[in-house]
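Using the sequences plus the hints, can you model the full thing?
Each chain, written out:
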Amino acid sequence: MRILVLVTALLALVTTPVRAERVLTVGALLDLSGPAALLGVPVKNGMEMRFAEANARGELPGITLKLLAEDTGYDPKRAILAARKLIERDGAIAFLSNLGTPVVLATMPEILRRERLHLFPFSPHEATYAPLHPLKFQIYAPYRSYMDPTVRAVLRRHPQVRRVCTLVQDDEFGEEVSAGVRAGLERTGLPLTREARHARGATDFTGQIARLREASCELVALGTLVRETVAILRTADEMGWKPLFLTSASAYSDQTHTLGGAAVEGLYGVTNPIRIPYREGASPELLAWLDAYRDRYGMEANVWSAMGYVAAELLVRAIATATEPTPVAIAQALERLDYPGDLFGSPRYRFSPTEHLGQRTGGELTRIEQGRWVSLERLDEPARETLKK
Amino acid sequence: MSRFLPPPRRRGLLLAALLVLAVGTLGSSGGARYFAHLLALAAAMATAALGLALVHGRAGQVCLGQGAAMAAGAYTWAALAPRSLPLALVAAAAAGTLAGAAMALPARRLSGLPLALASMACAVIAEVLAMRAVAFTGGTAGRFVAPPSLSAFDEASAALAFATLCLGLAVLLLYRLDRATLGRAWRALAQAPEAALALGLDVGGLRRLAFVAAGLCGGLGGAAYAQTLGFISPEQFGLPLSFELLVIAFLGGLRRPAGIVLASLAFVALPELADRLRPLVGELGGWNPLVLGLAVVFVTVFRKM
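Residue numbers (our numbering), protein chains in the order written: chain B, 3 to 391; chain H, 383 to 687.
Derived by calculation from the structure, the hints in this document are not laboratory data.
This structure is a prediction, so every number in the text was calculated from the model and none was measured.
Hints may contain errors.
Stretches of chain H that chain B covers, calculated by requiring three or more beta carbons in the stretch to come under 8 Å of a beta carbon on chain B [unchecked claim]: (1) 413 to 419; (2) 522 to 529; (3) 613 to 621; (4) 669 to 679.
Just a few of them, taken from the derived set where beta-carbon distance is under 7 Å, the chain B residues facing chain H [claimed, not checked]: (5) Arg86; (6) Arg91; (7) Leu107.
A few chain B residues facing chain H, derived, Cβ under 8 Å [stated by the list, open to error]: (8) Ser35; (9) Ile82; (10) Lys87; (11) Pro111; (12) Glu112; (13) Glu174.
Backbone N, C-alpha and C define an ideal beta-carbon position, used for all residues, glycine too.
Okay, structure coming up:
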């Protein structure tokens, strides 16, 4: 009898599933030392912070999340090697917020071939969500898509505007912004009055401004980066010309108003998709988050930290509802996910088995008022055909 | 064979480099496949750097545009490999040779720093061409290189085997050229250009030939590089790559294939080692380039020329 009890007890011990803590490794190919290190470090911090919270609160029973960020230096060769290392040595099941189009385009084919998730990369390239692949997802809308509702929103606020022009950088980025503006104008029935371009890295815009002024443009849509945007608005200001200006999310940065001062007052922009987390006027929740971030990293959070945090949030939610913690099951959970928005002003993110781009509106229309970006309204959906080239 | 071994004076330093490599690679232990990828990349870089060793060690010139020859080889390989592997290899070598010939054009009139700058311009032009010739290169979006379908090998081993083949071909080429009359003429040119001229050697022609042969090595190296990485894009072949190759050739000793192979091994192993040391330094941006830079300075200062 004693033996029977012993055997039963032993059997029970052997057959009881021991819930071992499983570590899920998430990789990130970030620029921590190269030209985009100013973005890479806060993105990494934001993701790390969300994972640490999930682990501390036990949000994912039996699962510990681990973030491994590799430094690419914005170099595709190093990125490919880093991706292989994360897959082969560390067994990363997902890549989150990989940074930079050259890095993303170089590493995505291999990551997908090795059946790992490729989530929310910082690249506006269409290839990050199309053609549809079960394991790739994106939440940042491409320029072509969000400039359409953005330009229409500005025109609704200024119904008297009849002459719309563009001034864009002479490359693919500028062309994409320009295509989005043209789509928006088509839907409102206005023609594009004049197009001007500038070389990458240009510092003098007097020629372009003079030509646009000659065409009596009332709204100028810019496909330019922060420094160029500031220079253009300053030049126009110095020449005493005051049309409406609208810029893409590439210049939605606190640097724009810090550098531009009075010359950039009234500039329209778009968040795509998250608000700059200003401390002044922040909600209590946002303030608490900003404090937690500062306590953890000894520096102030910026919009990139918030983007990293939100990307990690989506992944945590998907893992929580996935049937098992595998790439395919997590992808299916993402397809069912409906994210209503958050304290950072994220738009609603929704995916489906046929749609892996979480939002296409660009988020909110904003304007620089008294030296800071102020959110004005939520943008509506772009035309479906805008996305087709 | 003794030609391929470094002289005893320098052996210590090279053994040290080997040690760095062993520690670095074993330490980071990215697994066998990852290790094969690293070795393949080192072989590809060494193949292209051998060409530079020829230009400098033999013709006494500096080439800052070897990235252009690599780009030519890489894109040709990517385009033709799906059809026929041998054809693609020959075509990649030919494309590299053509790029080398283009860089050789200024050598008719120039030498020294002006020639180095002219070759640098070639690297810049090659990058721009790769961006614009979208139909052939895929433009800035880059081009995917299909993994080889050799059933006997997995992807990483196949890439390593191919890169080793390319390296072997380049070493063989250098060895043959060295033994030929051409090799002796080059040596004369490298050691005493005025004397070579007085002997009636065609100095300009010899320089151009060195660039052409270097281009061939670059083409082979480019093919191996493309196959190893599986993805190529224009910015990979810009000036930084040309300078990396020059550094490898310089550290390797510019004359001996074995030295260059070791230098390129150290070049892929050092970042791995730096990664291992990272926990000691914490979040320090630019840590890997810093370690690499310090190693280059150290070797340059302490090796016996």
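Item to check | Those earlier numbered hints the structure runs against, lowest number first | outcome: none
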